[in-house]
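Chains P, B, Y and V are the protein sequences, given in the same order.
Residue 231 in UniProt numbering sits at position 231 of the first sequence, and the numbers go up by one each step.
Residue 117 in UniProt numbering sits at position 117 of the second sequence, and the numbers go up by one each step.
Residue 226 in UniProt numbering sits at position 226 of the third sequence, and the numbers go up by one each step.
Residue 210 in UniProt numbering sits at position 210 of the fourth sequence, and the numbers go up by one each step.
Just so you know, these hints were derived from the structure itself, not from any lab.
Quick caveat: nothing in here was measured; it's all calculated off a predicted structure.
Just to be clear, a hint being listed does not mean it is correct.
If several chains are the same, the list does not tell them apart, and a pair holds so long as it fits within one copy or across any two.
Once the Cα atoms are required to be at most 30 Å apart in a straight line, the calculated BS3-like pairs of lysine-lysine come out as [stated by the list, open to error]:
id, residue 1, residue 2
1, K223, K86
2, K210, K223
3, K86, K9
4, K79, K216
5, K183, K210
6, K20, K212
7, K183, K57
8, K79, K212
9, K183, K86
10, K210, K57
11, K9, K20
12, K57, K86
13, K223, K57
14, K210, K79
4 protein chains.
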Amino acid sequence: MSQYEHIQKAAYEANMELPKLGLVIFTFGNVSAADHTLGVFAIKPSGVPYEDLSPEKMVIVDFDGNTVEGTLRPSSDTKTHAVLYKNWPEVGGICHTHSTYGTAWAQSQRDIPIFGTTHADYNTFDIPCAPPMSDEYIQGNYEYQTGFQIMDAFTQKGLDYKEVEMVLVGNHAPFTWGKTAAKAVHNSAVLEAVAKMAYLTEQINPQAPKLKESLKRKHFERKHGPDSYYGQA
Amino acid sequence: MSQYEHIQKAAYEANMELPKLGLVIFTFGNVSAADHTLGVFAIKPSGVPYEDLSPEKMVIVDFDGNTVEGTLRPSSDTKTHAVLYKNWPEVGGICHTHSTYGTAWAQSQRDIPIFGTTHADYNTFDIPCAPPMSDEYIQGNYEYQTGFQIMDAFTQKGLDYKEVEMVLVGNHAPFTWGKTAAKAVHNSAVLEAVAKMAYLTEQINPQAPKLKESLKRKHFERKHGPDSYYGQA
Amino acid sequence: MSQYEHIQKAAYEANMELPKLGLVIFTFGNVSAADHTLGVFAIKPSGVPYEDLSPEKMVIVDFDGNTVEGTLRPSSDTKTHAVLYKNWPEVGGICHTHSTYGTAWAQSQRDIPIFGTTHADYNTFDIPCAPPMSDEYIQGNYEYQTGFQIMDAFTQKGLDYKEVEMVLVGNHAPFTWGKTAAKAVHNSAVLEAVAKMAYLTEQINPQAPKLKESLKRKHFERKHGPDSYYGQA
Amino acid sequence: MSQYEHIQKAAYEANMELPKLGLVIFTFGNVSAADHTLGVFAIKPSGVPYEDLSPEKMVIVDFDGNTVEGTLRPSSDTKTHAVLYKNWPEVGGICHTHSTYGTAWAQSQRDIPIFGTTHADYNTFDIPCAPPMSDEYIQGNYEYQTGFQIMDAFTQKGLDYKEVEMVLVGNHAPFTWGKTAAKAVHNSAVLEAVAKMAYLTEQINPQAPKLKESLKRKHFERKHGPDSYYGQA
């Protein structure tokens with residue numbers, strides 16, 4: 001029995017949620033689950049349809065992107081996952097999809113404005129869109145650089161990856177993360193819902209104001225503050 | 001056997017309709033069922049996924065928002081429900097969702113214009129959007145004030161909660177109600193359908209006229225007037 | 001056994017298609033099936049949910065709108081159906097829904113422009129939108145007048161009900177018909193698909209040209225002309 | 001046992017995917033599978049609902065459009081398929097649908113701009129829209145000419161059918177192809193997803209820039225280049 005069975009199971013189950021939640025067709029997405037003590041993560045093999053997956057097919061990769069265990073080639077986005085795990089120690093799961101509305105915002109190269117409490121229950125910032133990569137980076141180690149592109153966007157906007165667990169990569173698509181692979185997938189579904197609502201909001205009222213400061217703070221504290229009262233204790 | 005079993009069952013069944021009707025993902029919604037004689041209502045516990053609910057998990061709360069029976073924490077929106085039950089004696093069920101099109105209109109801070117008979121079969125007014133709360137109220141008892149915000153909007157617009165069983169809360173999302181929890185959920189699905197049609201109507205014809213007075217009156221009386229002839233006698 | 005069993009069965013089966021095709025929620029729609037020899041039609045009872053329907057619950061009504069057999073009250077739109085059957089002898093089935101995109105065009109009070117062959121395979125005219133009813137008519141026999149409103153629109157636009165089997169009623173919603181109740185429902189699904197495509201076409205290209213004459217003629221003849229070669233002989 | 005059983009099975013299975021993928025209602029689509037050695041293809045019979053299909057009902061047609069085996073009339077689009085197979089020897093399957101977003105772009109008579117990597121993972125060109133046919137051609141052998149219209153558009157735009165496996169026919173709808181019928185259907189689903197994302201991208205940001213050259217090249221090579229690392233070796 002593999003010592004990595006726990007993260008293979010977590011990654012497998014999280015990947016299988018993607019088609020159920022309507023976030024992917026065919027092989028348009030991948031989820032990974034990390035064990036920071038072992039310094040590795042389990043990730044979907046590349047180009048394998050969801051119906052053919054099983055836990056033991058999840059490939060084990062270290063935080064430099066090297067395959068540690070598994071006979072299949074890991075997802076082509078593996079190096080992006082590796083960079084984020086290596087630099088963001090509290091991330092336990094990462095999810096990447098080409099979900100319809102999230103991808104449309106990424107292609108539009110715009111941050112998703114915070115228009116309401118659906119968004120504010122998760123975080124109180126516009127969902128950032130990292131700009132497209134420089135030509136120099138693209139010709140280099142592309143997926144590796146995508147990880148840095150995401151981190152650079154967080155640094156420039158002064159965001160904390162523990163507060164904002166989602167990003168758009170310009171011209172590409174969303175990445176989300178969380179303490180577990182399941183939470184990363186949850187965040188992808190939330191991002192897609194928020195992206196659709198923000199699109200419709202601007203269509204209905206092009207001058208729609210963003211959520212005011214006092215409401216942002218209230219909703220964040222309701223779920224995450226010291227006196228939070230959302231969910232079970 | 002709990003004396004509240006009847007409202008727990010009603011609240012449970014109504015909550016379980018929300019994902020079936022496509023009105024919620026995850027825990028984005030809550031329904032309650034009241035017994036005005038006993039002065040209490042049963043409401044969804046906070047943050048519990050729909051698939052884990054059961055009738056006995058519904059929390060019993062009085063009209064001041066105090067938990068009367070149940071070990072789980074009630075929905076974070078409980079005080080909004082309590083205020084409405086306390087002040088609107090003919091409301092037997094309340095439903096709150098973040099359904100996509102209803103929430104987009106709430107974020108747009110616009111009333112939903114009455115464009116057709118689909119809307120007029122339910123009520124003959126624009127569906128009101130209560131303005132975002134003042135900073136003073138937000139810093140106070142937020143969910144409690146949300147109830148007053150809704151009632152204030154009805155007073156200012158001269159609406160009767162027995163005629164118009166739905167409202168948008170600006171920057172937030174819809175609330176609906178009715179004589180029963182099942183009717184409240186029904187109204188949430190109608191609001192979502194009407195919200196989508198109104199959005200499309202304005203996209204297709206930005207100068208689309210609202211329903212004229214004579215048609216509003218006709219449709220309202222057809223369903224609700226003294227000579228109504230819709231449905232079975 | 002009722003002598004009307006054949007039209008009750010046809011009406012029942014056609015009504016049950018509506019929720020499967022995504023054209024209605026709750027009781028937002030009704031289909032009828034006529035027997036012109038007997039001078040009656042079978043129609044859905046008013047306000048009864050689809051899951052509670054059965055063939056014998058279909059109400060039998062004559063072409064003046066009088067109930068001939070059945071204990072339930074017929075659909076509130078019954079008189080509209082009656083007028084059309086009385087005046088259009090080759091109509092064997094009528095379908096009325098509040099389907100999302102069709103209703104949005106009706107609320108917009110615009111004809112649906114013919115933009116492509118999907119539309120032209122059914123008819124080669126813009127789908128007509130009958131204007132909202134005059135106040136005088138509304139205060140009279142409303143549903144009866146809706147039938148005349150539809151026929152007037154066909155007369156004014158020089159359309160033949162045997163060539164164009166669908167109409168929008170301004171501020172209201174679509175009606176469709178055909179030789180059978182099943183064909184009427186089929187036409188409602190086609191109208192909804194065409195309505196959605198036309199909406200998107202105008203969003204993508206506000207100057208999109210309508211289908212040119214030669215293509216309209218070709219597609220019509222391919223399905224309906226003397227040398228038609230669509231479908232099985 | 002028919003010598004054509006292998007292509008009948010491939011065509012049947014590919015046709016049955018269309019309703020599952022949400023690409024067609026009723027009979028709005030057809031897929032064929034070719035055997036270039038035998039010089040024939042198997043195609044859906046015309047106007048037969050998907051639920052009534054079986055492998056042996058697939059009609060066998062040669063590359064001039066003549067029926068070789070089968071008692072049913074082949075799809076009305078058969079000659080378009082025949083022309084493409086005759087002229088494009090590496091095409092093993094062709095799919096035609098009236099999918100919603102793809103058809104809306106075709107009706108808009110615009111190429112689908114390449115806005116992101118979802119598109120670039122398949123090809124690195126705008127998805128071409130062939131202009132509507134000349135009146136002379138329409139009055140001739142219409143479906144035969146549709147095949148030439150598609151090939152002419154590829155010639156004029158300098159595209160290779162082995163690199164770009166999809167096209168829109170102006171005023172009509174999409175056609176896609178590939179080495180197999182299954183791949184042709186896969187490409188139809190991808191085209192529909194890309195068409196929806198491109199529509200939303202322009203709505204969210206009317207000035208959205210197209211994908212830059214360096215990213216186009218990178219994504220193409222990642223999947224198709226000599227050092228490709230997508231999928232399993």
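Hint by hint, here is what the structure shows:
In this homomeric assembly, K223 and K86 come within 30 Å of each other (Cα to Cα) both inside a single copy, at 28 Å, and across copies, at 26 Å. In this assembly of identical chains, the alpha carbons of K210 and K223 lie at most 30 Å apart only when taken from the same copy (20 Å versus 39 Å across copies). Proximity of K86 and K9 under a CA criterion of 30 Å is satisfied intra-copy only: 21 Å inside one chain copy versus 49 Å between copies. In the homo-oligomer, the alpha carbons of K79 and K216 lie at most 30 Å apart only across protomers (19 Å), although the nearest pairing inside one protomer, at 34 Å, exceeds that limit.
For a Cα distance limit of 30 Å, the shortest separation of K183 from K210 inside one copy, 26 Å, qualifies, whereas the shortest one across copies, 33 Å, does not. For the identical chains of this complex, K20 and K212 are neighbours neither inside a copy (35 Å) nor across copies (33 Å), given an alpha-carbon limit of 30 Å. For the identical chains of this complex, K183 and K57 are neighbours both inside a copy (21 Å) and across copies (24 Å), given an alpha-carbon limit of 30 Å. In this assembly of identical chains, K79 and K212 lie within 30 Å of each other by CA distance solely across copies; the values are 22 Å between and 38 Å within a copy.
Within a single copy, K183 and K86 get their C-alpha atoms as close as 19 Å, which meets the 30 Å cut-off; across copies the closest is 38 Å, which misses it. With identical chains, the CA atoms of K210 and K57 are never at most 30 Å apart, being 44 Å at best within one copy and 37 Å at best between copies. With identical chains, the CA atoms of K9 and K20 are at most 30 Å apart both within one copy (17 Å) and between copies (28 Å). For the identical chains of this complex, K57 and K86 are intra-copy neighbours only, at 23 Å inside a copy versus 42 Å across copies, given an alpha-carbon limit of 30 Å.
Taking identical chains as interchangeable, the C-alpha atoms of K223 and K57 lie at most 30 Å apart only when they sit on different chains, with a minimum of 21 Å there against 36 Å within one chain. Only between protomers do K210 and K79 lie at most 30 Å apart by alpha-carbon distance; the minimum there is 25 Å, versus 35 Å within a single protomer.
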